[in-house]
Every structure is written in structure tokens, then in C-alpha cells.
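Asks: Now for the letters of each chain:
2 protein chains.
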Amino acid sequence: MNVSTMTEADIPKIVEGNAASARGFRAAGIHCGVKREKPDLALVVSEVPASAAGVFTTNKVKAAPVRYTQRAVAGGRAQAVVVNSGNANACTGEPGLADSAEMAKLAAGALGLDVELVLVASTGVIGVPLPMEAIRSGIPRAARALSPDGTSAARAILTTDKFPKTAAVRLEIDGVEVTIGGMAKGAGMIHPNMATTLCFLTTDASVPPAVLRRALARAVADSFNAITVDGDTSTNDTVLLLANGRAGGPPITNGEALHRFTAALTLVAGELARMVVRDGEGATKLVEIAVEGAASELEARQAAMTVANSLLVKTALHGGEPNWGRILAALGRSGVEMREETTDVSFGELEIVRGGLGVTGVWDAAAAALEEKEIFVRIRLGVGNGAAKVWTSDLSEEYVRINGSYTS
Amino acid sequence: MNVSTMTEADIPKIVEGNAASARGFRAAGIHCGVKREKPDLALVVSEVPASAAGVFTTNKVKAAPVRYTQRAVAGGRAQAVVVNSGNANACTGEPGLADSAEMAKLAAGALGLDVELVLVASTGVIGVPLPMEAIRSGIPRAARALSPDGTSAARAILTTDKFPKTAAVRLEIDGVEVTIGGMAKGAGMIHPNMATTLCFLTTDASVPPAVLRRALARAVADSFNAITVDGDTSTNDTVLLLANGRAGGPPITNGEALHRFTAALTLVAGELARMVVRDGEGATKLVEIAVEGAASELEARQAAMTVANSLLVKTALHGGEPNWGRILAALGRSGVEMREETTDVSFGELEIVRGGLGVTGVWDAAAAALEEKEIFVRIRLGVGNGAAKVWTSDLSEEYVRINGSYTS
Numbered sequence: 002m003n004v005s006t007m008t009e010a011d012i013p014k015i016v017e018g019n020a021a022s023a024r025g026f027r028a029a030g031i032h033c034g035v036k037r038e039k040p041d042l043a044l045v046v047s048e049v050p051a052s053a054a055g056v057f058t059t060n061k062v063k064a065a066p067v068r069y070t071q072r073a074v075a076g077g078r079a080q081a082v083v084v085n086s087g088n089a090n091a092c093t094g095e096p097g098l099a100d101s102a103e104m105a106k107l108a109a110g111a112l113g114l115d116v117e118l119v120l121v122a123s124t125g126v127i128g129v130p131l132p133m134e135a136i137r138s139g140i141p142r143a144a145r146a147l148s149p150d151g152t153s154a155a156r157a158i159l160t161t162d163k164f165p166k167t168a169a170v171r172l173e174i175d176g177v178e179v180t181i182g183g184m185a186k187g188a189g190m191i192h193p194n195m196a197t198t199l200c201f202l203t204t205d206a207s208v209p210p211a212v213l214r215r216a217l218a219r220a221v222a223d224s225f226n227a228i229t230v231d232g233d234t235s236t237n238d239t240v241l242l243l244a245n246g247r248a249g250g251p252p253i254t255n256g257e258a259l260h261r262f263t264a265a266l267t268l269v270a271g272e273l274a275r276m277v278v279r280d281g282e283g284a285t286k287l288v289e290i291a292v293e294g295a296a297s298e299l300e301a302r303q304a305a306m307t308v309a310n311s312l313l314v315k316t317a318l319h320g321g322e323p324n325w326g327r328i329l330a331a332l333g334r335s336g337v338e339m340r341e342e343t344t345d346v347s348f349g350e351l352e353i354v355r356g357g358l359g360v361t362g363v364w365d366a367a368a369a370a371l372e373e374k375e376i377f378v379r380i381r382l383g384v385g386n387g388a389a390k391v392w393t394s395d396l397s398e399e400y401v402r403i404n405g406s407y408t409s
Numbered sequence: 002m003n004v005s006t007m008t009e010a011d012i013p014k015i016v017e018g019n020a021a022s023a024r025g026f027r028a029a030g031i032h033c034g035v036k037r038e039k040p041d042l043a044l045v046v047s048e049v050p051a052s053a054a055g056v057f058t059t060n061k062v063k064a065a066p067v068r069y070t071q072r073a074v075a076g077g078r079a080q081a082v083v084v085n086s087g088n089a090n091a092c093t094g095e096p097g098l099a100d101s102a103e104m105a106k107l108a109a110g111a112l113g114l115d116v117e118l119v120l121v122a123s124t125g126v127i128g129v130p131l132p133m134e135a136i137r138s139g140i141p142r143a144a145r146a147l148s149p150d151g152t153s154a155a156r157a158i159l160t161t162d163k164f165p166k167t168a169a170v171r172l173e174i175d176g177v178e179v180t181i182g183g184m185a186k187g188a189g190m191i192h193p194n195m196a197t198t199l200c201f202l203t204t205d206a207s208v209p210p211a212v213l214r215r216a217l218a219r220a221v222a223d224s225f226n227a228i229t230v231d232g233d234t235s236t237n238d239t240v241l242l243l244a245n246g247r248a249g250g251p252p253i254t255n256g257e258a259l260h261r262f263t264a265a266l267t268l269v270a271g272e273l274a275r276m277v278v279r280d281g282e283g284a285t286k287l288v289e290i291a292v293e294g295a296a297s298e299l300e301a302r303q304a305a306m307t308v309a310n311s312l313l314v315k316t317a318l319h320g321g322e323p324n325w326g327r328i329l330a331a332l333g334r335s336g337v338e339m340r341e342e343t344t345d346v347s348f349g350e351l352e353i354v355r356g357g358l359g360v361t362g363v364w365d366a367a368a369a370a371l372e373e374k375e376i377f378v379r380i381r382l383g384v385g386n387g388a389a390k391v392w393t394s395d396l397s398e399e400y401v402r403i404n405g406s407y408t409s
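These protein sequence lines are chains A and B, in that order.
Heads up, the first sequence is in the working numbering, so the first residue is 2 and it goes up one at a time.
Heads up, the second sequence is in the working numbering, so the first residue is 2 and it goes up one at a time.
Keep in mind the hints are simulated off the structure, nothing from the lab.
Being a predicted model, the structure only gives us computed values, none of them experimental.
Treat the hints with caution; some may be incorrect.
[As the list claims (entries may be wrong)] Here are the simulated EDC-like pairs of lysine to aspartate or glutamate, each with C-alpha atoms no more than 20 angstroms apart in a straight line:
id, chain 1, residue 1, chain 2, residue 2
1, A, Lys163, A, Glu342
2, B, Lys61, A, Glu342
3, A, Lys61, B, Glu338
If we strip away everything but chain A, and leave its shape as in the complex, we get (with noise of 0.2 angstroms):
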């Protein structure tokens, strides 16, 4: 857990950092039965109660934790998380239900808390019932584990991720340092698991959680929200924020204090959303795609989303093809405001349209390009202002290998 301090307080970057590394918050990452070997169950634990915001799928099959977590979260107040990797608890039914309850109510006895005060997020198989006497078993020796280094929950709450993700940022607002710290797991889906988005972030500012919500909204809008790797949405995806205001000073409310405090937030997890597409299955490539010009920020947004999800675009990018007519097709299906003559596009400073025309003589350079591990697509449509940015992966032959598979 190497948090390194930034040295200029006012542009705040990346540092070394997880869910445990905000002041008063401990983390635990243990293996209790639901899988065969992995650590699989996840505590991170404030000693204070937080200001708590949740952001869930949109789904309309949501799991078992996802329903339950979504009324704990409610009231705004939490101070423990428990995890566990392995089965979603999804597709489960009322027992599934009971099952997240259960989860709960042990975390709190364990760690001494109200039950109210404990959110509950799994990951893994679906339509299988949660063993429930691995999780009775694992939550007490977990909470006897906590400790200052999140590093091993952030191993625990993986699934077909290759690498755990932590970040963090540090940054002075209103004079006194504010450490946001998380960790995530990535969207893969292969058999028998059902894998989700998860990310849970901690925070030694002091929020109230009105405001915390729409910090969080923004942010998640900006990351996990602008990421796609395979265009499907989990049953169990969660992002999860709490700021137990450990770090002291004044309440964030507003003004350039909360805009620090966004900004920052959204940069970790934007850098965790990033990690979750570069950790896609099967992926090789990470690829920003920017669409401007666009007669919204929703309409720029859906443009860009539908070029990061063409199955097309995504191969195509895959095999080093700067195909851009895939490009334009996928810009005029997606439903927004556009015209041929008015678009234009480019790999990173590379123009390879111009007014809905191939540009000539550049599509050696525009091969090149596509050989970098990070691709750059911008897209101006010149119908008005609007600008969203998205991240997606290209689709190699590994992803349908892995997700086709009996065996993996």
C-alpha cells in the first residue's frame, strides 16, 4: 500500500492506492469456500460510519445483493462492505434474497456493527444458490484479517480478471489532504460465471451523501458508465463510495472544493474503468474513441457507444484494418444527428476522413497506428457541440474462444 504524495496539490494524479488507503478505513481479502482455491470473500471496513452512495446496474434481472444493497444504501450511512467472488447470487429467487440478508447480518456481527450500516455485492456463477456455510465460515475470519492493506480484497473480489485493479488519488481541498482510494473487477463473462463491474471506493473527505450521490452519478458517467467491452450489462454491476470525513476539515458542499473533489474522484475511476477494459477478455488493445461536434453530449455519447460496440469497428481494429467506412456505418445507424459531408475522422492526430471522404494516401500511417496498443478514434460531426468520450477493446478471435468454451 504505497500511496505516493503528489507534490503539485493542484493537479491531481494517479498514485499507488486502493480501498484501504483513505484514513480509517481497513480491508480484508481471504479465501472462504465459494471457489475451489482464489480468495474469494472481501471486508472493507471504516471505523467510523460514512456517508455512503451506491450506483447499480440498470438491468432489469438484478441479483440478489444488487436489491439488497440497493435499499441499504438508501438512507445515505454505511461502514462496511462484504464481497464475495464466486457465485452472483443472481437468477436465485427469494432465498437469494435471504441469502444477501444473511451476508449482511454476519458482517455485522463479526465487525460489531448495525446491520444497516453493511452493503453486499457478489460476483460469479449464476442461478447457482450462494454456499451459504463457506460465507458463515469465511466472514468472521475475514473481519479477524482486517488490516491497512487493501491489496488483498482487491484480489479477493476478482473472477476471470487477469490482474487486480487499485488506484488511488491524493489532493488538498481547502487545505487539508483527501485521499480517494478503490479497487474493481473487470466485465468478463465465461462459464459457468456470469462476471459483473464491481468497484468500491473509499474516501477520508467529509461528504454529505446528497451530495456524495451526484459526485458519484458524475463520475460514474465519466468511467464505468463510458467503458464497454461486449455491450452487455450484468445482473450485478455496482459501484460503491464511502466517505467517512476521517481526513478532518469542512463539510464538501459546493463550489471548488466539491469540483476538486468530482474531479478527482472521477479521475480513479476512470483509471480503474480503464484497467476493466484492458483486462477484457480477450482484449489487446485499449481504444479511446471521441466523438465531438455532436448535437448533444447525449447524442455524442451514443455515437461514440455505438462505434465502441460495433462488432465490425471491433475487429476491424483488432486486425490493424483502418477500415473507416465500418466507421461511418456505424455513425449512421447509431441514431444521432449526422451527416456524411460534415464528418470527419482521425487516429490520434492522423486525419483519415474529411467531409464523410477517405483521405488519400494515408492508410499505410493509419495501419501504423493501429499497431500501437492504445488507438486513439477521433470523430468531429460538425452538427454542433456536443462531446463525450468512451473506452472500449478490440474483439480477438481469444474472447469468443473464452466465452464459446465448455472448459474454460
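Assemble chain B onto chain A, guided by the hints.
Replies: Same frame as chain A, now just chain B:
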């Protein structure tokens, strides 16, 4: 051109046949030099002016031939269709429009027709000017090659298709034998081609243009608009229908006659559309997704299309993986009214999800059902009476390999 006559006139069945099977139609397919070797220029011509209707891509990026033909068919009359493959004449600006107009004019000259009676379609490379010298030398030759054999035309409209797609029906309407035939090409996209769905239907029925337009819209809704291979909509998608009345008999305008005509037209269009899915790049299975019990027909179609386009569902079907959680998750994010508790899913007759919960003991039988070349997914949402059926393919490594590679 074997057209076997139906034994039971009341139940039209698909027979062999093509765009030249109906009385008074001739066709030709030749090589003119847009492609290196393969046939690339087709003509379909009626001996008399015909009622005409068209359905076109909804993509805002429309190829020149689409823009040209949308205007040309608006009057409801046509006598010939000229089609080239190998070049889409898309993203080619004003010169592209002039090329489409010249193609129509060349065909009109070679056939001795008013240019207003000629429709144009193109498919192939995007963003490259149409090689007009090849078109100019080819059209007169194609006109001289016209014959009652429609099979060479069916080959000349192909791009990356593995097989030509033709079908017909013959039925009695008001005591008159009517033939509806057609040809189509598929929806694969390979560098540097942006391929397209094209379908050309002809009939000797007598149908006024306004009625023909409605019948075609209905038939396309249940055929070409009910299939999806990769979710992308091309710049060139076109379905055209000519009805020359050479079968004799009174005009078909309403009642039982129109009902029978529309059903038979839908049958031919559906057969051709399913051939397009079967021939999808890297497709190994034809998957029918039927949704019942949706709040409306529109919602049923939306739910079915979301499942049909889900990468996770498509890769699971390819891998023979009865991962029903992916189907539920796709339904949940489709935006339609649904509740887990009332949702059932079957593979054919085998129920695998009842009331949102997995049926126990059916995994092996479900996996076996996915081994078939044709898979039937039945979804009952239990919230209303809306129903819809769509067809899709699985998603194989082959799809990614084809669409991602330079050299294919």
C-alpha cells in the same frame, strides 16, 4: 430454373426459382471487370413496365445507388434493375451520385427504356470510385445476355457469400397462377468490402404500387428486418420488388387475395433472409429466437433482437453452452417490460428456465439441443400478448478471423 408447381395451391411452399421465374422477366449475370474474375454485373428486366416498391437501409450514411433508387422508385413504376458487385459506390460524394445515374442511363440505353424505369444497386468496396469503364462496357453485354435463366444474375450480385441465394413460390390467387421469385446476397463484411444485404424480388401478379409498397413493408418486417448477423446496418441495404401483372387476373388490392399474396411474398423473403443468416461470415448455426408474452409486438421484437445480438449469447450458442443466464441478462437490459418471476426459456420443447429460475437436471439435454445446426430459443415473458420471431447466427472464431484480417 426449375420451378416445380405446387400440388396443393392453398398452402404455398418454397420451390426452386429466382428473380426470372415469374412470367415476363429475364435476367443476366456477367463479369465486366469491377472484380478481377468473378461475375459482377446483373440485370433483371421485365418485358413490360411493372409496379415497383423498395425498402432501403435506415443508415444515415447512404450509398449513392440507394439515394438514386429511393428517388427513382418513388413513382411506383420500374422495368429494370441493374446491379454491380465489387464496389459499393458508398462514401463517394457527388461523383458517386453521377456514376449511379450514369449506370441507370446506360441500362436504359441498352434496353431501350425510359431512364425513369431503371433502378440501381451496388455492393462491395466502400470509399472507392466505381470503375465506370467496366460498367460502360459491361451493361450492353449484360443486356445481350438476358435470358429466362436467373441463376447467373444470382451469382453476379454476390460478394463474400459462399453460395447464391434464390427461392420462389407459386400459388393460385383468384384462379390465376402467380409466381413470386427472388435472389439475395448476404451480410458479410470483409476487407476491403463493406458488404450489404441486397434482395431483388419479382412477381407476375398484378398489384398497384401503393398496395405493393405495403405488402413489401410487411414482408420485409418479418424477413430481412427480422435477421441479424452482426448488428451492423450497411450503407447499401436494398430490397426491391417488381410486379408486372403478366399472370393476368384482376389487380390484387385487398381481402383474401392480398392476404395470400403478402403471405407468399413473406415466405420467399423469409427463405432468402434465412439463407443470408446461414451464410453469415463464420456462422455455423441458424438460431431462431421467438419471444411471446411481451407487452407489445414492438417490445417482443426488441427483446428478441437484443438476445440475437448479444455477443455473450452468440458465443455461448457457438460453444454449445446452455448458459441461460446470458439470455436473461440480455432480456433484462433490452429495455422492454419484463420480470424474472414470469420469464420462461426453452430450447425447442425443452424448458430450461421457469419463472426466472433454472430448471434442474436439464443441462445435458440443453447442451445436446445446442449441438444441432438449427437452434430454437423460445422466450415467454408473461407480461402481455406481443410476439415476434428473429433469426441470427452463432458467433465463431472464424467471424473474428475473417473480419479482422488484412489478407482475406
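Asks: Indicate, hint by hint, whether the structure satisfies it.
Replies: Okay, the hints, checked on the actual structure:
1. The straight-line distance between the Cα atoms of Lys163/A and Glu342/A is roughly 43 angstroms, outside the 20 angstroms bound, and the hint therefore fails.
2. With a CA separation close to 11 angstroms, the supplied pair Lys61/B and Glu342/A stays within the 20 angstroms bound.
3. A hinted pair counts as satisfied when its Cα atoms are at most 20 angstroms apart, and Lys61/A with Glu338/B qualifies at roughly 9 angstroms.
Going through the hint list in order, the structure does not satisfy hint 1, though it satisfies all others.
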